[in-house]
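Undergrad: Full structure from sequences and hints, please.
Chains as they are written, first to last, in my numbering: chain A, 67 to 402; chain B, 70 to 503; chain C, 1461 to 1712.
Keep in mind that the hints are not guaranteed to be accurate.
[Said to hold, decoys possible] No farther apart than 27 Å at their CA atoms in a straight line, the calculated lysine-lysine pairs in the DSSO-like style are these:
| no. | chain 1 | residue 1 | chain 2 | residue 2 |
| --- | --- | --- | --- | --- |
| 1 | A | LYS398 | C | LYS1605 |
| 2 | B | LYS348 | B | LYS373 |
| 3 | A | LYS398 | B | LYS185 |
Note that these hints are calculated values from the structure, not bench results.
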Amino acid sequence: MDPLNALLALTNFVLIPGIAYGSQLALGALGVTLIYGILRFANIAHGDVMAFGTMWVILGTWLLQSWGVSLGFLPTALLVLPFGIVITILYLLAADRLVFRFYRKQRVRPVTLVMASLGVMFVTNGLVRLIIGPGSQYFEDGERFIINVREFVAVTGFEEGVGLRTAQATTIIVALIVMAVLFWFLNRTRTGKSMRAYSDNEDLALLSGINPDRVVMVTWILAGGLAAIAGVLYGLDKGFRPFTYFQMLLPIFAAAIVGGLGNPMGAIAGGYIIALSEMTITYAWRRVVAHLAPEGWEPTNLLQVLSSDYNLAVSFAIMVLVLIFRPTGIFKGKTI
Amino acid sequence: MSVNWRNIFLFAVMGLALVMTGMYQSWTLALTILNMGLISSIMALGVNMQWGYAGLFNVGVMGYTALGGLAVVLIGMPPVGEAWSAGGLGVILGILIGIGTILAAIALWTRMAPGKLRVLALIAVLTGGFALNRYFFLPAAAAIESVNPASEGYLGGLGLPVLLSWPVGAVFAAAAAWLIGRIALGLRSDYLAIATLGISEIIINFLKNEDWLSRGVKNVVGLPRPVATPVEMRQYEFVFQMSQMTGIPINRMATIASMAGFALLFVLVLAILMWLAEKALNSPWGRMMRAIRDNETAARAMGKDVTKRHLNIFVLGSAVCGLAGAMMVTLDGQLNPGTYEPLRYTFLIWVMVIVGGQGNNWGAVLGGMLIWFLWVQVEPAGRWLAEVLTSGFGVDSAVRDHIMNNVAHMRLLTMGVAMLLVMRFSPRGLIPER
Amino acid sequence: MSMSDASDAEGAIPPVPDNAVLVGERMTGGYGGADILHSCTIAVEKGKIAVVVGPNGAGKSTAMKAVFGMLPLREGSVRLDGRDITRLTPQARVAEGMAFVPQNNNIFPSMTVRENLEMGAFLRRDGIRETMEQVFELFPILREKREQPTGELSGGQRQQVAVGRALMTRPSVLMLDEPTAGVSPIVMDELFDRIIEVARTGISILMVEQNARQALGIADTGYVMVQGRNRFTDTGQALLADPEVRKSFLGG
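TA: Quick look at the structure:
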């Protein structure tokens, strides 16, 4: 029996990666949920928009690296991130101007907007593959570890070690800052409040003199910023590959739906719920249980519920359960 | 019904494009495009039934076609006796336990009074059932996969005529659609989109990873064919005569004859489906479906069970996609789960439906043929264009290399732009709904 | 009931008072199809309460929407303080000093009472503290619940939020579409008391009501509408006393 080592193994293999991944999902889900709350459609292009923003940050990182510019132990990508955010925002504003605005003014059924977002997804995906190609890109530089497992073990003398990668720490810190700023914006500023009002009751917002075009524009700006940040953090942590970003759409939407579509608080909770469930269900628990089991009773098989190839299935299953039992999500989202 | 010269003209132009391809490029290319075009048309037809008749947004086409493809393996391939004796029993037991667990969980949930006890009982049943399932299933699957892994390592199929797998593929897809439909229909349309997107990714993951079933990414090759192979074709007298008459070498003529055989089969299936689809569309049932699509609230108020009707059409349309998936795998002669990509198998089908004309079956068929033709032909055109545009960079320029490497993705962009343009400026498509 | 004879009652169109703040005169129009309003006139004087009553489907709410610019007019005009505002959008009318409380969905449910009031004052760039204080004085319960999401409040409290939100623009005219729909009689009486108080501060009130008897009780002017036309117009008390009005519209 050695609960401390079990806890260390759990932290190293489940909690830290889970919280980092959860932060990435939460930021993605926030973008999706804001668009759903204000523009009232599920934006299928969001995953590819994340890839689009990340692509520019990667290109910028390469350029800075070739100039010899770096950010010390932090990844150079953080230096380029603002540039990536601006480009992503401009791209989304252009997409709105050229595609979505037309349908919005016609007051079409939401499904038509979803379909238009399908077209935008196609174009975005094509652009990304055309410019940077479909392959994997790794752009994490700087110091790789803040805490190294081997050093941790050497210093503390425990059997299990806890490692913290710079990308993971960066993800968690940046995500917390972004969420804090976003909630401050939504709850404390005039523009943020007008967005919530518009999301709550569009007609009454118009009667109160809130300018819908401005609300929509700010929404795209926030969504673009969130998408670029989420994409870059994910890419630093796990590497960039356009197709992976497309596939992220499922856990992101699962997170937003679990938390209640249209509810920002729910999107964050949903992101962590999905990520930690994924980690819990696809982690081989033998190592942790071995520390807890009495001498001689250590498990012989992996104690893994599902292979990690099925991580998408986990988020899907959770989403389905929520849709069956509580379609408005854990935090109440928009009416269905 | 009056003769619609415009539509006949559009189809004639399509045919002419294929003939030109045959004359100026090669007949095998033309037939390759035709065969995949016919399959695409059937997929588009399935999607159009869901979207055009009922306004249901299905972005999981890929999953249903893949299930159809699985049916070809499970029906057409001979059984692997050694694998069955190694782990057949364990796998079946595991599956039965899995189904039993789910049924028990559902029964428990509906019978027991709500409360903490019910939740605890449910968790107990699910964990216990799952552990039991793993206990029997995992060693059995491993045993199966270790049987001659280079060429087998799976249970094989039933060894039945391969054509039987087409309707079976439709049934597979229909079953998956029923499950998804029960969950997501009746909620907002966005949820159906996300749910179908998810299930199709999971189906592909499943096919890639469950080696005991269909060899996963190791692929099943050498599937039985319903049409004579080119080698067999060479023995036929008429192939020889055709070769003599046209001056095309006998080898190529045999290939053409084999492909033409497929084409005839596909045209037959398409014709039957079109006949059924048109008949359904113009029946009272079809009128009701469109009435529901155009005004759901009114239809509901008139006592129509909208969700149930939606489930019907969703299952039907997905079955058609499954059928097309089975046909495609039969044509390829192999199941290759690694090649299933949503952009190609789901979103391209949507481009076909939108460009062809939402809500019109003929439009879907034309869209399927046309977009597939462009999908194949845009690539060489794009390559040529890129070569011309980048010629200034010099032959060994890195920029030029990079662009030439990625030029294949140009067509994604082209298709996306085409879809957006048609949606915006000609939303009714090439052949509008009547 | 035979209402069709109202069609020949062209003479029922009331004269417009000289000192009216808001006038919708001889309004005719509908939602694209057939006309719903037929030469309908409604007006309210400064600091007075005008109430529109009538049977279901008489076009009361439509008349209100027409005055507020939510219904395109084929004929007739709307004037505010003597200026023609017929062509203005509803949003522009809000800026001109009109406030409208819709019958349903008239609050921002996920936002707190205070935020609802702030949104009401969205167009104002000056300090709103004083106005909010006045609203809290008018509806003391709102001060108590100011940090609660309005979706959690009772029906009567929500109506108070809705009225309070509309008052935040410091309008010259407050328009209410069936403010007492779905609230208990006690709450209704209280709400009417508050509305009288609002009118005393100099704000003109134009109100559509289903509870005709109680509403006419507080009305300076009452309009009885039938099938999109004016049928009777008089002071509230006079209408309550009119045997024909009592028989046909107030249940005897």
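Undergrad: Among all the numbered hints in the text so far, which are the ones the structure does not match?
TA: none
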